[in-house]
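Participant: So the chains spell out like this:
2 protein chains.
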Amino acid sequence: MASDGFQPLNEKLLVEYLKATPSLAAKLGNQFDKLEIKEIGDGNLNFVYIVLSPSGSIVIKQALPYIRCIGESWPMTKERAYFEATTLQEQARLCPDHVPEVYHFDRKMCLIGMRYVEPPHIILRKGLISGIEYPLLAEHISEFMARTLFYTSLLYLTTTDHKSAVAKYCGNVELCRLTEQVVFSDPYKVSEYNRCTSPYLDADAEAVREDNILKLEIAELKSKFCERAQALIHGDLHTGSVMVTKNSTQVIDPEFGFYGPMGFDIGAFIGNLILAYFAQDGHADKGADRKPYKKWILKTISDTWNLFYAKFTALWDKHKDGPGEAYLPEIYNNPDLQLLVKKKYMEDLLHDTLGFGAAKMIRRIVGVAHVEDFESIEEASRRADCERKALNVAKTLLKERKKFHSISEVVSAVEQLDA
Amino acid sequence: MASDGFQPLNEKLLVEYLKATPSLAAKLGNQFDKLEIKEIGDGNLNFVYIVLSPSGSIVIKQALPYIRCIGESWPMTKERAYFEATTLQEQARLCPDHVPEVYHFDRKMCLIGMRYVEPPHIILRKGLISGIEYPLLAEHISEFMARTLFYTSLLYLTTTDHKSAVAKYCGNVELCRLTEQVVFSDPYKVSEYNRCTSPYLDADAEAVREDNILKLEIAELKSKFCERAQALIHGDLHTGSVMVTKNSTQVIDPEFGFYGPMGFDIGAFIGNLILAYFAQDGHADKGADRKPYKKWILKTISDTWNLFYAKFTALWDKHKDGPGEAYLPEIYNNPDLQLLVKKKYMEDLLHDTLGFGAAKMIRRIVGVAHVEDFESIEEASRRADCERKALNVAKTLLKERKKFHSISEVVSAVEQLDA
Ligand SMILES: Nc1ncnc2c1ncn2[C@@H]1O[C@H](COP(=O)(O)OP(=O)(O)O)[C@@H](O)[C@H]1O
Ligand SMILES: Nc1ncnc2c1ncn2[C@@H]1O[C@H](COP(=O)(O)OP(=O)(O)O)[C@@H](O)[C@H]1O
Ligand SMILES: [Mg+2]
Ligand SMILES: [Mg+2]
Ligand SMILES: [Mg+2]
Ligand SMILES: [Mg+2]
Ligand SMILES: [Mg+2]
Chain A
1 MASDGFQPLN EKLLVEYLKA TPSLAAKLGN QFDKLEIKEI GDGNLNFVYI
51 VLSPSGSIVI KQALPYIRCI GESWPMTKER AYFEATTLQE QARLCPDHVP
101 EVYHFDRKMC LIGMRYVEPP HIILRKGLIS GIEYPLLAEH ISEFMARTLF
151 YTSLLYLTTT DHKSAVAKYC GNVELCRLTE QVVFSDPYKV SEYNRCTSPY
201 LDADAEAVRE DNILKLEIAE LKSKFCERAQ ALIHGDLHTG SVMVTKNSTQ
251 VIDPEFGFYG PMGFDIGAFI GNLILAYFAQ DGHADKGADR KPYKKWILKT
301 ISDTWNLFYA KFTALWDKHK DGPGEAYLPE IYNNPDLQLL VKKKYMEDLL
351 HDTLGFGAAK MIRRIVGVAH VEDFESIEEA SRRADCERKA LNVAKTLLKE
401 RKKFHSISEV VSAVEQLDA
Chain B
1 MASDGFQPLN EKLLVEYLKA TPSLAAKLGN QFDKLEIKEI GDGNLNFVYI
51 VLSPSGSIVI KQALPYIRCI GESWPMTKER AYFEATTLQE QARLCPDHVP
101 EVYHFDRKMC LIGMRYVEPP HIILRKGLIS GIEYPLLAEH ISEFMARTLF
151 YTSLLYLTTT DHKSAVAKYC GNVELCRLTE QVVFSDPYKV SEYNRCTSPY
201 LDADAEAVRE DNILKLEIAE LKSKFCERAQ ALIHGDLHTG SVMVTKNSTQ
251 VIDPEFGFYG PMGFDIGAFI GNLILAYFAQ DGHADKGADR KPYKKWILKT
301 ISDTWNLFYA KFTALWDKHK DGPGEAYLPE IYNNPDLQLL VKKKYMEDLL
351 HDTLGFGAAK MIRRIVGVAH VEDFESIEEA SRRADCERKA LNVAKTLLKE
401 RKKFHSISEV VSAVEQLDA
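Those protein sequence lines, which keep their order, are chains A and B.
Quick note on numbering: the first sequence equals residues 1 to 419 in our numbering.
Quick note on numbering: the second sequence equals residues 1 to 419 in our numbering.
Honestly, I wouldn't trust all of these hints.
Since the list gives no way to pick out one identical chain from another, each pair is judged satisfied if it fits inside one copy or across any two copies.
Unchecked claim - Okay, derived cross-link-like pairs now, PhoX-like style, lysine-lysine, Cα gap no bigger than 20 Å in a straight line:
1) K291 with K320
2) K399 with K389
3) K343 with K402
4) K34 with K311
5) K399 with K291
6) K403 with K38
7) K399 with K311
8) K403 with K344
9) K299 with K343
10) K215 with K342
11) K38 with K318
12) K318 with K399
13) K311 with K108
14) K320 with K189
15) K19 with K246
16) K38 with K224
17) K311 with K342
18) K344 with K215
19) K224 with K344
These are calculated hints, taken from the structure and not from any lab test.
These figures come from a predicted structure and were not determined experimentally.
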């Protein structure tokens, strides 16, 4: 073990650790003879162990001081585990139905013990690739976003509480910097980490790097990401951070959590749904043309925004005489004005959502980390056709975002560019 | 002395303190027999002592745990002295020509020893009331703003350094809250602290409280003030925080310093110049109609913005390959694009400047703390006429700020509403 008390786990060490940690041992019914342990980290950054005993189960997640999928050549603070644990706990407090419970956190070991989100839960992205409909997804994810974002914003917090939380999360700067690089910078320049479906998309990738208007707009979004402490955001809310069944939706992996712009979360989710949409043509086969499924994805995009809108503004109404200091009741106490400020707030948020969502789409097509939605389309030219459509939609959304006034206009634009 | 090591000064204690503090004693040539001490705090919050000895001089500023001009009934953290000292030191580092040197800081005593900005320096506001022209003012203050704002923004800092500074200044939340209240809230509601030149302005004050569009816009500015950590701002850069001679400009009193929107500083300065402009008719008399002086104020407003623009963008050019992470050279390396991003950045900043400047004007007319520019106009109806014009300009600037593209359009609007 290092002098700082950190030690990378392996199966043997993990068992010792579990035996020595009463809160975790209890979850396994203190039964260690028939443990089943599987390292299943399919994610990019960390190690994740499922631990099953005959009388219980847990997940153990450990951060190592580098990025897993790259290796030790890309160091990354293991303190991210602290911010993940803290954000998980805060989000579970605000939205317990959709966030796994944290059982244990060990800051020195950068280790989180949490609820095992059990089968048949799967990662949403995989469900989308398989063409599975989740009738409650929009309802659930909008609930998660509305509650976690509203209750950590100045619509609910005093500026005292807000500034103190902002200060704490400034410590998660290394993870913010990773986002700055891979979302807001690399796709717009030549970078050793970028890749694309070559040669088909080479010209498209180059066009991104030479598009002055796109670069002008991405700069505005990057500034917002770096400067605007609007709410505690998840920071990585793509469809790989959501686990689902038909009846349940669980949001995991908020290690990028910090006080940033709300639209970054909503955009991440919606942008990844749009990627899933454009990947469908690559998954269609004789048995299933995926047309109804594409409709369902579009409906889920609409529902997500519209339900978010309804839930978020309902929370606003509910707490309009509460501690939040953005809109003091003595000033904003007339119904006309309340409609006016909400309309403006939500319209600005839609624009941020579209901008950040588009940025997240672009980086998945011409940046370092791609998505399985497209990667699983084997034939390169077919994949490239799907990706190009998604890229073109993203460019339009990013540049024209302020012209959209409702999600239905967004959905229409997606359909039109899919023709 | 309190157990925390704090003790409010009086003259006797101050002398003891100076004798016991080598760095300060040295500035006075270690001569204590012919000390001249004057408490001259004409400011609103703190106690300021001028200390003169035959061979040197210093200023001692102490924060007490309440707001001086209100009394112990309005408590206010004395930790503000720490943020004032820290900001003074940082600003002096970035712009030594225009910021007094800090000789000594005592955190427990909330006490700053600094350079005495000696006569004939006077507070700029007083000079403006007297109708004195300062030919170098725009040059100097634009230098101060350009350097302090640029070097603490993401145009120059890495996001690592930026976030760490942001976190530190989150601690100055009580002073931010004071601004939130007196600038962004009180003028827009009935508040025991508000006053106006009654009865003349009663209807105007009421109109402010009932203007939905104004309230919509002030909410946007308040959010920006609370959420947007753009640069280390002075936070209170009105004409009472600037000391001047014809040849020298010194910026004092940055106790409200924190990472906020740049436009708040530029707007404070320009907004207070506009107040000074509209006060001139109240100071005109047979001997001097103040018309040329009003022209000079307008020219100083233009020059301040235009010189700021030139200096700020020159710093940007100079450091475009520096550590700043907002516009990476590999992305923004073409001349067309550089023009484009600068134009947008500076136009957004002009809009913020007008919005915050207008907000600062409004609060000085219908809020708690008024300005000597108007207060010194004895006849109430004459004062009210001046104030009303300023208030109407401010309302226009706040509501219409995004329609202005240059400072000359702003100056025209001021002249037009002065007809
Ligand atoms: N609490 C959990 N329950 C079940 N599976 C989990 C849980 N946490 C993570 N996983 C699985 O591990 C994978 C990687 O976890 P994740 O938190 O996304 O790690 P990373 O930060 O490396 O992306 C997830 O895609 C999921 O399949
Ligand atoms: N360094 C200085 N040199 C000369 N006079 C000063 C100095 N600092 C403050 N003063 C005088 O004291 C007054 C109050 O100081 P200020 O810093 O503005 O206090 P407050 O925070 O209470 O507003 C100023 O208006 C100015 O006249
Ligand atoms: Mg993950
Ligand atoms: Mg992760
Ligand atoms: Mg002052
Ligand atoms: Mg100079
Ligand atoms: Mg002050």
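Participant: Next, verify each hint and record whether it holds.
Facilitator: Here is what the structure says about each hint:
1. With identical chains, the CA atoms of K291 and K320 are never at most 20 Å apart, being 43 Å at best within one copy and 49 Å at best between copies.
2. For the identical chains of this complex, K399 and K389 are intra-copy neighbours only, at 16 Å inside a copy versus 40 Å across copies, given an alpha-carbon limit of 20 Å.
3. In this assembly of identical chains, K343 and K402 lie within 20 Å of each other by CA distance both inside one copy and across copies; the values are 14 Å within and 19 Å between.
4. For the identical chains of this complex, K34 and K311 are neighbours neither inside a copy (45 Å) nor across copies (71 Å), given an alpha-carbon limit of 20 Å.
5. For the homomeric pair K399 and K291, neither the shortest alpha-carbon distance inside one copy (28 Å) nor that between copies (47 Å) is at most 20 Å.
6. Taking the shortest alpha-carbon separations for K403 and K38, neither the intra-copy value of 49 Å nor the inter-copy value of 61 Å comes in at or below 20 Å.
7. In this assembly of identical chains, K399 and K311 lie within 20 Å of each other by CA distance neither inside one copy nor across copies; the values are 28 Å within and 30 Å between.
8. When the C-alpha separation of K403 and K344 is checked against a cutoff of 20 Å, the pair qualifies both within a copy, at 14 Å, and between copies, at 18 Å.
9. Within a single copy, K299 and K343 get their C-alpha atoms no closer than 22 Å, and across copies no closer than 39 Å, so neither meets the 20 Å cut-off.
10. In this homomeric assembly, K215 and K342 come within 20 Å of each other (Cα to Cα) only across copies, at 12 Å, whereas the closest approach inside a single copy is 30 Å.
11. When the C-alpha separation of K38 and K318 is checked against a cutoff of 20 Å, the pair qualifies neither within a copy, at 45 Å, nor between copies, at 54 Å.
12. Taking the shortest alpha-carbon separations for K318 and K399, neither the intra-copy value of 35 Å nor the inter-copy value of 29 Å comes in at or below 20 Å.
13. Taking the shortest Cα distances, K311 and K108 never come within 20 Å of each other, neither inside one copy (38 Å) nor across copies (48 Å).
14. In this assembly of identical chains, K320 and K189 lie within 20 Å of each other by CA distance solely across copies; the values are 16 Å between and 45 Å within a copy.
15. Taking the closest pair of Cα atoms, K19 and K246 never come within 20 Å of each other, the shortest separation being 35 Å inside a single copy and 77 Å across copies.
16. Proximity of K38 and K224 under a CA criterion of 20 Å is satisfied in neither setting, with 40 Å inside one chain copy and 47 Å between copies.
17. Only within a single protomer do K311 and K342 lie at most 20 Å apart by alpha-carbon distance; the minimum there is 12 Å, versus 39 Å between protomers.
18. In this assembly of identical chains, K344 and K215 lie within 20 Å of each other by CA distance solely across copies; the values are 12 Å between and 26 Å within a copy.
19. Taking the closest pair of Cα atoms, K224 and K344 come within 20 Å of each other both inside a single copy (18 Å) and across two copies (14 Å).
Violated hints for the displayed structure, listed by number in ascending order: 1, 4, 5, 6, 7, 9, 11, 12, 13, 15, 16.
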